[in-house]
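Enquirer: Given chain A, put chain B in place with the hints provided.
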Amino acid sequence: MNFVEINNISKSYGSHKALLETSFSVKKGELFGVIGPDGAGKTTLFRILTTLLLADSGSARISEYDIFKDYKKIRQIVGYMPGRFSLYQDLTVEENLAFFATIFGTTIKENYELIKDIYVQIEPFKDRQAGKLSGGMKQKLALSCALIHKPEILILDEPTTGVDAVSRKEFWDLLRKFKNMGITIIVSTPYMDEASLCDRVSLMQEGKIMQINTPDNIINNYKPILFEIHSNNMHDLLIKLRKYHNNSNVFLFGQTVHYSSINEINKDDLKMYLKNNGHANVEINVCTPTIEDCFLWLMNQNN
Amino acid sequence: MLPVIFVMPIIQLIILVNAATFEMKNIKLCIVDQDLSTYSRNLSSKFEGSPYFVIEKRTFSAKEAIKYIDRGVITAAIVIPKGFEKKIVRNEKNIKIQVLVDAINGTNAGVSQAYIVSILQDYNKQILSKLLPANSPGNGIETSRRFWYNPELNYKTFMVPGILVLLITIISFILSGMNIVREKEMGTIEQINVTPIKKYQFIAGKLIPFWIIGLFELAFGLTIGKLLFDIPLVGNLGLVFGFAAIYLIVLLALGLLVSTIVNTQQQAMFISFFFMVVFILMSGLFTGIENMPEWAQIADKVNPLAYFIEVMRMILLKGSGISDILYQLFAIIIFAVIMIWLAVWRYKKIS
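Going line by line, the protein sequences match chains A and B.
Position 237 of the first sequence, counting from 1, maps to 237 under the working numbering, and the rest follow consecutively.
Position 19 of the second sequence, counting from 1, maps to 19 under the working numbering, and the rest follow consecutively.
The set of hints was computed from the structure by calculation and includes no laboratory data.
Do not take every clue at face value.
[As the list claims (entries may be wrong)] Straight-line alpha carbon distances no greater than 30 Å define the calculated DSSO-like cross-link-like pairs of lysine-lysine that follow:
id, chain 1, residue 1, chain 2, residue 2
1, B, Lys199, A, Lys69
2, A, Lys116, B, Lys198
3, B, Lys184, A, Lys69
4, B, Lys184, A, Lys17
5, B, Lys184, A, Lys150
6, B, Lys349, A, Lys27
7, B, Lys348, A, Lys69
8, A, Lys109, B, Lys199
9, B, Lys184, A, Lys208
10, A, Lys72, B, Lys198
11, B, Lys184, A, Lys126
12, A, Lys72, B, Lys184
13, B, Lys349, A, Lys28
14, A, Lys69, B, Lys198
15, A, Lys73, B, Lys349
16, B, Lys348, A, Lys150
17, A, Lys208, B, Lys349
18, B, Lys348, A, Lys73
19, B, Lys198, A, Lys126
20, A, Lys169, A, Lys132
21, B, Lys349, A, Lys179
22, A, Lys73, B, Lys199
23, A, Lys208, B, Lys348
24, B, Lys198, A, Lys28
25, A, Lys69, B, Lys349
26, A, Lys132, B, Lys184
Here the structure is a predicted model, which is why all the values come from computation and not from measurement.
This is chain A alone, in the form it adopts within the complex (with noise of 0.2 Å):
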């Protein structure tokens, strides 16, 4: 049985649609990402999940609890953290543990084995206020908060956006972790790097979900061919590829241009137009797609 059950759950603030009858499913034990750009609607979908909100129409459960008439169940059952930073700016690191973990009726003793990990890297801060911690270490902190509880599932929201690289892998790592004690984790991120870290994600985009697989499925449903394009004149070679065909995809990635269509594409072809638009030392290598080029394509393609 699926853990967490989420059907056509839709919610819109006036007339902005923010949630189309958004369907998903989560296993036990599972470390699911929901990935898609700001305003893709992945912050509302988890304050319905955690019953911060409530939903236009859907259902949606966790474990056995409905998540409308059950609520008072799912909060001692879900570890939330909110995408801004909400805990006591105030109070120190040690006393904002404490305090969550007396709301959720336990203590920090009762379940140190559980946030050990994260709690040694946080320690010789305890004394420090929370306000005062680094982006790294306030996403830290937040994280023990949410698990002081001992919570089947973990719901998570951009913990990593606006965290340093070493934090950011620190803390994947921590994920990881959690998800081989066996608690369910859901996780939004806008970075697609971090989408390989998933077992499973889901791609948003405007409230409605493009897809929703392995990250390696995703990569292997992506069907056209990908060049890797390198020029003197960047900002021109965009340009030009743009006019080569119609329904095709160009965007910078790094130091070069990825380039795909729907129709097929002859190399030799492509360097010969290109030569004859004024780019001689032009590069063309096939490459491998990431989530990111998936992601584009599949947004591309709903467009």
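Expert: Just chain B now, kept in the frame of chain A:
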């Protein structure tokens, strides 16, 4: 925040009690003596001798006196017309004196006028007894006045309890009004709302600290009132604190209610101010409730401040016991129950 909570009331108490007084001294006066007789000089010397008046100007023309009023040099003018003495000696009827008062500030004008009239009446009596021995005071009705509970009509005695109420009201209402909304702004409410904490537990957690601060503030203020202004503490202080305890619940719950409705501290501030200003101006602190129009008196039935100020004055100055304030006590208990219920009901953990 702590200095604000403790320093503010001391400063406000000292400033407000000394400044917010209707007692008037040194009313600037202009005497227009057109008679220049013994009687008229006698009359003006009465004003000179009074501590309430300062003779700022003397002139012969009423027009000039009005000019002085226009310019704000004087507050009132007394015009003694020509032939004043002659009429008195001849025992004529309808001897007139004109009093001109600057009524820009209605209250001040009323008080100045009353002072002037009382001096004139005093003078009137003197003349009567002098000219008509048969009519001497022994034969008329003599009034002897005694002001109960505040024999010297000391304004501070009257104001300190009221202003104290004002202070703890502002502190408790603003602090609680800002509270939940601040959690909304900081986002901490999100984290609290996903916990299994009960609504009443949350509201109680918000109320109790401010409740203690409010009571402490009252004790603090009473001490200052006693030491600095020597206000009489006639009644039972336990009763004052008992009433205050319930009163604070009303105010704090009202503040929390505001806090749950609005989304930003700015909005909370505006709404709190709206309530504060209405409550304070209609509280009977500055103007007696009995003097208000009937609809206002009815509206004041839901003004918790009015009850508390009345009770404070009754207990502290009069020494009223619990049986004297039963009505106010019941009213405030009903408010407390309603407000707490509303605050708990309005605070939703789901949006």
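Enquirer: Hint by hint, say whether it matches the structure.
Expert: Verification of the hints:
Under the criterion of a C-alpha separation no larger than 30 Å, the hint pairing Lys199(B) with Lys69(A) is consistent with the structure, at around 17 Å. With a CA separation close to 29 Å, the supplied pair Lys116(A) and Lys198(B) stays within the 30 Å bound. Proposed proximity of Lys184(B) and Lys69(A) is supported: the alpha carbons are some 25 Å apart, at most 30 Å. A C-alpha spacing of about 24 Å is found between Lys184(B) and Lys17(A), which places the hinted pair at or below 30 Å, so the restraint holds.
Of the pairs offered as hints, the one joining Lys184(B) and Lys150(A) holds, with about 26 Å between alpha carbons and a cut-off of 30 Å not exceeded. The suggested pairing of Lys349(B) with Lys27(A) holds, with an alpha-carbon distance near 28 Å, which does not exceed 30 Å. Taking the CA atoms of Lys348(B) and Lys69(A), the gap is about 15 Å. The hint holds against a cut of 30 Å. Proximity of Lys109(A) to Lys199(B) is assessed by CA-CA distance (about 27 Å); at most 30 Å being required, the pair is judged to hold.
Note on Lys184(B) and Lys208(A): the hinted pairing holds, with a Cα-Cα distance of about 29 Å set against a maximum of 30 Å. Distance restraint check for Lys72(A) and Lys198(B): the Cα-Cα separation of roughly 10 Å lies within the 30 Å cut-off, and the hinted pair is therefore satisfied. This hinted pair checks out: Lys184(B) and Lys126(A) have alpha carbons roughly 25 Å apart, not beyond 30 Å. A C-alpha spacing of about 21 Å is found between Lys72(A) and Lys184(B), which places the hinted pair at or below 30 Å, so the restraint holds.
The suggested pairing of Lys349(B) with Lys28(A) holds, with an alpha-carbon distance near 27 Å, which does not exceed 30 Å. Distance check on the hinted pair: Lys69(A) and Lys198(B) sit about 16 Å apart at the alpha-carbon level, within 30 Å; holds. For the suggested pair Lys73(A) and Lys349(B), the alpha carbons sit about 14 Å apart, so the restraint of at most 30 Å is met. The hinted pair formed by Lys348(B) and Lys150(A) meets the criterion: a straight-line CA distance of about 25 Å does not exceed 30 Å.
Our distance criterion of 30 Å between C-alpha atoms is met by Lys208(A) and Lys349(B), whose separation comes to about 27 Å. At roughly 17 Å between alpha-carbon atoms, Lys348(B) and Lys73(A) fall within 30 Å of each other, so this suggested pair holds. Restraint check for Lys198(B) and Lys126(A): the C-alpha separation of about 28 Å stays at or below 30 Å, so the hint holds. The hinted pair formed by Lys169(A) and Lys132(A) meets the criterion: a straight-line CA distance of about 22 Å does not exceed 30 Å.
A threshold of 30 Å between alpha carbons decides the hint, and for Lys349(B) with Lys179(A) the separation of about 29 Å falls inside it, so the pair holds. This hinted pair checks out: Lys73(A) and Lys199(B) have alpha carbons roughly 15 Å apart, not beyond 30 Å. A threshold of 30 Å between alpha carbons decides the hint, and for Lys208(A) with Lys348(B) the separation of about 29 Å falls inside it, so the pair holds. Taking the CA atoms of Lys198(B) and Lys28(A), the gap is near 29 Å; set against the 30 Å cutoff, the hint holds.
Of the supplied pair hints, the one linking Lys69(A) and Lys349(B) holds, its CA atoms being roughly 14 Å apart against a limit of 30 Å. Annotation: proposed proximity of Lys132(A) to Lys184(B) holds, straight-line Cα distance about 20 Å (limit 30 Å).
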